[in-house]
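K.L.:
Just so you know, the sequences run in chain order A and B. With positions in the first sequence counted from 1, the corresponding number in this note's numbering is that position plus 501. With positions in the second sequence counted from 1, the corresponding number in this note's numbering is that position plus 16.
Note that these hints are calculated values from the structure, not bench results. Don't be surprised by glycine CBs; every beta carbon is placed ideally from N, CA and C. Mixed in with the good hints, there may be bad ones.
What the hints assert, rightly or not - Here are some, though not all, of the chain B residues that point toward chain A, as calculated from beta-carbon distances under 10 angstroms:
#, residue
1, Ala351
2, Ile441
3, Arg448
4, Pro450
5, Lys452
6, His621
7, Ser659
8, Leu712
9, Leu715
10, Phe717
11, Glu721
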Amino acid sequence: MGDVLVHALSDVDLDLVRGEFVVILGPSGSGKSTLLNILGGLDVPTSGTVHFFEHDLTAAGERALTRFRREHIGFVFQFYNLIPSLTARENVALVTEIARRPLDPADALRLVGLGDRLDHFPAQLSGGEQQRVAIARAVAKQPDALLCDEPTGALDYETGKVVLEVLERVNRELGTTTAIITHNASIGAMADRVVRLRSGRITEIHANARRARPEELSW
Amino acid sequence: MVAGLRALDRKLIRDLWHLRGQMAAIGLVVACGVAIVVTTRTSYTSLLVSRAAYYGDYRFGNVFAHLRRAPETVRPRLLAIPGVTDGTTRIVREVTLGVPGLAEPATGLLVSVPERRWPVVNDVHVRRGRWMEPGRRDEVIASEAFVVANRLDVGDTLHAVINGRWERLRIVGVGLSPEFVYEVREGGLFPDNRRFGVLWMARETLGPAFDMAGTFNDVALTLAPDAVEADVIAQVDRLLARYGGMGAYGRDEQASARFLKDEIAQNRVSGTLIPAIFLGVAAFLLNVVLARLVGTEREQVAVLKAFGYTNWAVGWHYLKLALVALFTGAAVGMAVGLWLAAWVNERYADYYRFPEFLFRLDWTAVVLAVLVTVVAALAGAAGAVRRVVRLPPAAAMQPEPPAQYRAGMLERLGLNRLLAASGRIIARHLERRPLKALLSALGIAFAVAILVVGRFFVDAVVHMADVQFRHAQRENLTVVFNAPRPAAVRYELQRLPGVLRAETFRSTPVRLRNGHRSRRVAILGLERGSEMRRLIARTLEAVPLPAGGLVLTAKLAEILDVAPGDTLTVEVLEGTRPVRRVLVAGSVDEMFGLGAYMERGALSHLLQEGEVSSGAFLRVDRPAALALYDRLKRLPGVAGVASRDAALESFEATLARSIGYMTAILVGFAGALAVAMVYNAARIALSERGRELASLRVLGFTQGEVSLMLLGEQAILVAAGIGGGLAMGYGFCAWLSGLYQWELFRIPLVVSEQTLAFAVAVVLGAAVLSALLVRRRIYRLDLVAVLKTRE
């Protein structure tokens with residue numbers, strides 16, 4: 502079997518504006534994860550350029566990308582990826598210890614509504630609580646961008662909405678640029694802009710006149 | 017090829033390839049365990065069957081006796097003793113030799129054989145050359161070890177002082193005899209093949225030369241299998257008493273047979289216990305490693321089960337994975353073990369000088385070794401497979417709940433505040449699975465312990481040489497007279513060129529008896545306050561010689577079951593042969609041989625003689641040594657000269673060689689084991705925690721920081737393993753030292769810092785190497801995949 506070159510993304514031109522809330526929508530295989538990976542410094546494009554303010558990430562090496570993620574990006578994963586051997590507070594502290602101007606871990610957890618669960622281990626938390634710890638961990642270092650990959654994908658309807666409320670509140674209160682990728686089109690209503698992807702190309706960029714509140718969403 | 021296989025088998029092949037590093041490490045552990053068993057057991061059984069064949073084919077005697085002189089008419093009476101099947105009477109004499117290329121005098125043991133070849137007890141195997149020709153009075157067959165050590169060969173000549181005359185002898189043959197597998201001079205400890213050799217001469221020549229025609233002074237008897245050796249010995253003693261018999265003895269007290277027996281006993285220990293330890297360790301490691309390896313495949317097992325594969329099919333799939341590594345390892349171990357055994361056998365054949373060194377594989381031990389490793393490994397794998405298949409597939413398809421962690425010791429002690437997050441991750445991880453951590457550390461500890469044991473023998477030998485040859489024996493030369501001389505001989509010796517100081521000693525053959533326990537030894541009568549020969553215990557303390565009574569080597573006291581304050585019977589085996597009760601005044605914990613010491617005045621009193629000497633210790637001015645050797649060679653009263661340096665050399669050659677091969681092999685295997693163990697532990701830790709580490713990388717932790725979290729834990733385990741391993745190794749050494757308590761030598765419990773450092777260095781090296789290999793994998797962690805997959 503020979504190698505077949507597959508373009509995950511092509512002709513993608515996208516600017517993220519400081520403080521905005523963007524939802525990237527697309528079905529499986531549309532290239533949305535690849536886009537998020539490139540935005541987050543986990544991957545580099547084979548052609549084209551990526552700029553973060555004055556930094557050119559296109560030609561950045563492994564070391565530079567690590568520093569970029571460390572200093573500027575917060576990640577939220579579909580499966581939380583908490584460190585099971587650390588408590589909620591310590592999972593957050595894990596990131597604040599290597600950040601330049603972090604929030605206090607307890608404050609970050611209070612921000613996501615877990616002020617009373619500080620010293621619980623992941624195994625002692627529900628799925629939604631674990632995802633909120635993950636969000637607290639991502640925002641505690643006050644990143645320039647918060648990138649969320651299907652943050653509600655592993656959660657039930659009610660819990661998913663609680664998580665979205667937390668993301669909305671972080672964006673509103675801290676002004677963190679937030680990008681969520683999802684295949685759930687309903688979530689698009691709470692964004693400033695919705696980017697639709699199909700087969701690696703941006704098919705539509707649509708700005709909402711009004712951002713819906715998470716509790717107004719339904720799917 | 018692959019196309020014809022079922023999907024599960026294709027998975028097996030790909031998995032094997034994917035896990036090749038770990039599979040190789042597991043195979044290596046099995047190979048080491050099997051190889052060491054094959055090597056040691058094969059060497060041991062080969063030695064055993066070779067000895068049995070040699071003793072049988074060349075009619076090695078069962079009872080031996082030396083006497084002053086008896087007429088040949090006594091022979092039929094010896095053969096008539098019930099239980100005696102055959103016997104050969106001989107003339108045996110120690111003479112001083114002049115060997116070409118050797119400055120100092122050597123000692124030759126002339127042993128008579130029939131002029132026309134005829135089967136005798138203690139027969140001679142002619143390796144090269146020929147038998148003596150009748151009437152050729154200068155022809156001899158020389159022992160192979162002596163010939164080789166002195167680079168002589170058939171056709172060369174040497175000189176001997178025969179009955180006071182300096183005679184020329186011609187080597188016509190090179191021979192071996194079961195009597196002299198080890199050529200040790202009477203009373204000597206270790207063979208010194210340059211300065212001591214056996215020369216077989218025709219009885220028809222030797223008899224007249226020593227005025228002993230028609231008489232003999234040595235006899236060797238073979239016994240029927242059901243004969244009672246002690247009864248025969250008693251009867252021989254009674255018969256030979258009036259002919260100056262020096263006490264008959266069995267193979268147990270025959271120098272060469274004794275030496276060989278001790279060596280074989282030592283071989284049995286090193287061929288049984290050490291591989292047993294090794295195999296136990298290998299089995300343990302396999303169990304742990306395979307259990308963890310299968311545990312990491314949890315998710316795949318669930319998927320297979322969801323597809324409808326039965327528990328049995330899935331279980332068998334994973335067992336096959338283990339079996340491939342195990343049997344490949346066992347096959348490699350067999351091959352390497354046989355190759356090493358052949359190598360050791362070649363060395364042994366060279367060293368033991370048997371006419372034929374047989375190669376005998378101990379199949380039962382080999383099968384046992386393979387079974388032990390395979391069963392242990394399968395038990396580990398099967399346990400893990402069972403745990404995994406028990407899980408309903410649906411449960412495994414769900415996102416797995418995070419592993420359970422609770423606040424533990426760390427929090428209770430308030431130490432968590434002192435640690436950074438990475439430290440806390442490490443600490444909690446260790447705390448959460450203490451058994452797993454303990455087993456990992458234990459595996460590393462075993463590797464350290466085996467390394468310590470491997471090098472321990474070298475330490476012991478160095479210590480023994482130091483005590484014996486630097487603290488106890490401080491002379492340069494020991495001169496032995498062919499008959500006791502008046503004490504004034506000391507002044508004659510002191511006048512010889514190059515002699516700085518001379519001290520004389522009296523040595524007399526005796527049988528020490530306590531009830532039914534007895535031993536033939538020589539009592540060494542030393543000058544009070546002797547500077548050249550001191551009694552030094554293994555702890556290096558000097559034991560003073562009391563004015564009266566015997567001082568026995570602790571091992572001899574143990575054999576005779578006496579303690580200081582007891583009395584025992586001394587039967588003197590020369591002169592007027594007095595029998596006396598003598599006080600055991602003390603014991604000295606010497607590491608070599610069986611010694612009995614007395615103050616020489618007290619010994620003279622015991623022997624009812626004036627002050628006479630059997631020999632002297634000399635301190636020599638080295639530049640003048642050559643001239644001195646030349647004089648000593650031609651002094652008719654000198655039966656032999658032994659040099660301390662030569663003894664040290666031969667000791668080191670003997671022990672270092674017999675122990676050295678096995679030590680080298682052991683250390684090699686232990687090193688491989690350490691590498692396999694540490695590498696596997698780190699690799700499994702990586703596969704268990706790869707996702708967690710990748711998450712951290714995504715969060716912005718550098719490769720170095722993430723490596724530290726994984727390797728930091730491994731480092732703690734290695735450190736704990738090293739600490740425990742050093743203690744365990746010392747324990748093994750103490751145990752082995754307790755077992756290596758032979759008559760010929762006792763291995764002291766001495767473990768040098770170098771040995772400990774060596775063991776630590778090997779394991780640390782293995783750890784660093786593993787860390788580098790694992791770090792390379794951490795650097796290649798797939799960060800993107802982590803975002804998408806759940807545990």
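K.L.:
Indicate, hint by hint, whether the structure satisfies it.
P.N.:
For each hint, the structure was consulted:
1. Ala351: Since the shortest Cβ distance to chain A is 37 angstroms, the answer is violated.
2. Ile441: holds, 5 angstroms
3. Arg448: holds, 7 angstroms
4. Pro450: Violated: closest Cβ of chain A sits about 14 angstroms from Pro450/B, beyond 10 angstroms.
5. Lys452: violated, 14 angstroms
6. His621: Since chain A brings no Cβ nearer than about 81 angstroms to His621/B, farther than 10 angstroms, the hint is violated.
7. Ser659: violated, 68 angstroms
8. Leu712: holds, 7 angstroms
9. Leu715: holds, 6 angstroms
10. Phe717: holds, 7 angstroms
11. Glu721: holds, 8 angstroms
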